[in-house]
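Visitor: Here are the chains, one letter per residue:
Number of protein chains: 2
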Amino acid sequence: MKVNVNPAKGMRDFLPLEKEIRDYVESSIINTYRQTGFELIETPVIENIENLIGSEGGENLKLIFKILKRGEKLDDFSRINITEKDLSDLGLRYDLTVPLSRFYCNNRAKLPSVFKSLQVGNVFRAERAQKGRYRSFKQCDIDIIGEKSSVAEIELITTTSKALSALNMDNFSIRINDRRILKDVILSCGFSESEFDNVCIILDKLDKIGITGIEQELNAKEYNSDSIKNLINALSKINENGTKSLKEYGVEGETIENIDYIINSVSELSEGKYKIKFDFTLVRGMGYYTGPIFEIEYEGLGYSIGGGGRYDKMIGKFIGEDIPAVGFSIGFERLVNQLIEENFKVPDLQKIVLLYESENKYVDVLKTANELRDKGYSVSVYEKAKKLGKQLSQFESFGYTGYALYSCEGTQIKEFESVKQ
Amino acid sequence: MKVNVNPAKGMRDFLPLEKEIRDYVESSIINTYRQTGFELIETPVIENIENLIGSEGGENLKLIFKILKRGEKLDDFSRINITEKDLSDLGLRYDLTVPLSRFYCNNRAKLPSVFKSLQVGNVFRAERAQKGRYRSFKQCDIDIIGEKSSVAEIELITTTSKALSALNMDNFSIRINDRRILKDVILSCGFSESEFDNVCIILDKLDKIGITGIEQELNAKEYNSDSIKNLINALSKINENGTKSLKEYGVEGETIENIDYIINSVSELSEGKYKIKFDFTLVRGMGYYTGPIFEIEYEGLGYSIGGGGRYDKMIGKFIGEDIPAVGFSIGFERLVNQLIEENFKVPDLQKIVLLYESENKYVDVLKTANELRDKGYSVSVYEKAKKLGKQLSQFESFGYTGYALYSCEGTQIKEFESVKQ
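If you read the protein sequences in the order shown, they are chains L and W. Note that numbering that gives the first Met the number 0 has the first sequence beginning at 0, numbered continuously upward. Note that numbering that gives the first Met the number 0 has the second sequence beginning at 0, numbered continuously upward.
It should be emphasised that the hints constitute simulated quantities derived from the structure, not laboratory data. Glycine included, every Cβ here is placed at the ideal spot set by N, Cα and C. Be aware that one or more of the hints could be misleading.
Footprint (simulated), chain L over chain W, 3 or more residues, beta carbon under 8 angstroms [unchecked claim]:
hint, region
1, 47–53
2, 85–92
3, 96–105
4, 120–126
5, 165–172
6, 264–278
Make the full structure from the sequences, and use the hints.
Guide: Structure follows, in structure tokens:
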């Protein structure tokens with residue numbers, strides 16, 4: 000019987016060379032974050048379904064993988080009006096923020112009053128399968144819980160920047176906005192509370208469709224024409240004058256000071272290596288943001304490689320007491336794809352293949368391998384093939400840096416070049 | 000609204016201190032395995048349900064977490080005779096061997112003809128919840144695929160031993176047996192093929208119930224009394240004379256030579272640091288083993304901390320062509336628990352907390368933190384609390400090794416001891 004040997008739809012197998020790059024990137028990010036005082040925690044990929052469904056995950060709630068109840072918990076199938084709720088008690092997490100909030104509430108007594116969390120893990124979304132879109136992918140999140148002042152935003156932004164620099168990805172810039180600014184400006188232009196969300200969705204497209212495109216889409220939705228005119232004027236004014244123009248639109252002084260403080264502090268700490276700029280059209284999808292929001296853009300890419308913001312109300316949903324929180328997530332898959340695109344090589348790997356012949360004493364071959372390992376090489380032991388040239392070029396393609404032919408009189412390491420000539 | 004903030008049943012949150020130990024152990028194992036030429040790969044936690052159900056996982060098949068179909072794929076609930084099969088198309092893996100077999104078949108053309116695989120990942124089993132038994136746990140597997148000779152067993156056993164030694168867990172020994180030996184001896188005593196599996200299950204208990212216990216259980220099952228007598232005699236004879244006595248029970252000469260070769264080679268390579276011994280009563284649960292099987296025992300523990308064996312027929316189920324394969328799995332959770340029991344500390348951590356006061360300029364505080372990080376410290380920045388002593392002893396309990404009070408005139412690192420006095 001032949002069976003389907005592909006990974007399930009939207010899932011991926013990682014071969015050694017790609018896995019090596021992924022692991023290198025992951026540990027580089029983790030090292031930077033740990034060195035900056037963030038503490039690695041781990042939460043399970045399976046959560047109680049009500050915690051996932053009760054979160055403000057927007058569109059993601061429709062994409063949850065739900066786990067079938069088991070044995071006695073699984074109701075009799077023959078009864079009428081069975082719903083998904085009768086069938087499922089668990090689900091796979093769709094992000095790392097909801098599990099972090101639950102984790103914090105569960106372990107609060109054992110954590111510092113301001114907790115700097117680092118989480119790296121896979122999340123799952125039952126997206127419609129298409130090229131470059133996966134149903135399981137990795138996220139790297141840092142979050143600061145319990146800090147209401149904007150030192151939290153400054154630390155998250157500068158630390159994430161550090162993680163990118165450590166991977167030599169220096170061509171990035173930060174865009175920052177504030178949910179409260181978005182709201183104040185849009186309402187002061189004449190839109191209603193109920194129109195706010197949809198106006199945001201349109202604004203979010205400025206990069207792609209330009210100001211005239213925005214105007215057309217707003218008109219197509221038949222909003223009040225004065226409101227539209229006001230917003231279009233606001234856009235070009237804010238584009239020109241940045242946060243200085245916000246006062247005219249009823250934005251509170253404290254909110255403006257706050258975002259200016261973040262921008263100025265990050266600028267100073269960046270030492271000119273990257274830019275941070277206010278961008279009124281930055282929106283971000285999740286419903287749970289309450290203050291500053293930010294994204295990282297990498298030069299030449301049409302999408303962000305990371306983003307985050309302040310979500311002061313989410314933890315309160317679990318324990319009935321608001322706890323301030325800010326998070327910044329790196330889109331690991333996009334980062335790795337970009338590095339592979341740029342022909343990234345994992346540094347300092349010394350992978351050697353040691354070849355023996357069937358008449359050699361295997362125990363002695365392994366002893367020689369151990370001696371080479373003690374010298375710092377990664378040594379893989381294989382039987383020599385009849386066609387040595389073909390075998391060696393295969394190992395070269397697997398990322399090996401050299402080879403050695405076992406000899407009881409002394410085994411020498413050679414580079415692959417010497418074979419080809 | 001208050002909600003349940005515990006992890007789902009059988010799942011765990013890992014706090015920073017425990018996570019640090021787990022990560023250290025994991026990377027120590029990975030480093031040893033990589034240095035020995037095993038290649039890290041990754042397979043998804045979600046597999047198509049038919050690949051899981053069609054595997055020979057024994058009791059584990061009853062413990063699969065099944066994922067509910069989504070949207071249009073989910074049949075109308077109101078129709079009659081709905082079965083689990085109508086509701087679920089995906090499942091979570093219960094081990095790493097089944098996914099590896101699928102992976103190998105899927106990627107065979109891109110892998111060396113003998114592939115040395117390393118996989119570390121979580122597996123999921125819907126076990127009945129009880130203390131110390133988890134529904135999600137980590138496994139570390141090395142497998143050699145495509146090697147029919149017993150150099151594969153020798154390499155797996157010596158490499159796994161190396162991984163334990165690298166963690167200073169030197170009080171272990173290896174037990175080895177062969178499925179074919181078990182079968183030949185038991186059948187030659189007079190039991191039938193159909194009785195074989197149940198006799199194995201009883202034999203497996205020798206450690207716990209002794210020879211008289213075995214005899215009682217065999218009698219209770221009402222097997223032929225001559226067969227029982229023969230087997231009890233065989234047990235003490237094999238106990239005394241080891242593999243030398245196997246010929247009398249019709250075990251093939253090649254099988255005996257093969258296991259002797261493995262035992263002698265491993266003994267020589269162990270340099271006297273650990274023991275390997277033949278144990279006729281080693282059985283192991285999985286149905287898919289076809290040759291040598293082995294386990295690691297750690298001194299004083301009542302259970303094994305790793306095990307494996309040869310499974311030459313499993314990959315054939317996927318592609319209709321038998322490919323030889325051997326694997327060795329470390330029980331990561333048991334290993335970590337044992338290390339924590341032994342008061343294991345992660346070496347060489349220099350975790351410092353840098354405390355500032357609200358009147359300090361935050362940007363300058365972060366600059367000082369960066370200077371300390373450049374010197375190799377992990378530095379976490381926190382605002383100084385009113386009760387400094389209490390704050391410091393809290394950070395000490397979180398695993399920090401020292402602290403510094405920010406001063407614009409120069410910041411010094413101090414050990415915690417200096418505060419207590």
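Visitor: Now tell me if each hint is right for this structure.
Guide: Each hint tested on the structure:
no.	hint	result
1	47–53	holds (count 4)
2	85–92	holds (count 4)
3	96–105	holds (count 4)
4	120–126	holds (count 3)
5	165–172	violated (count 0)
6	264–278	holds (count 3)
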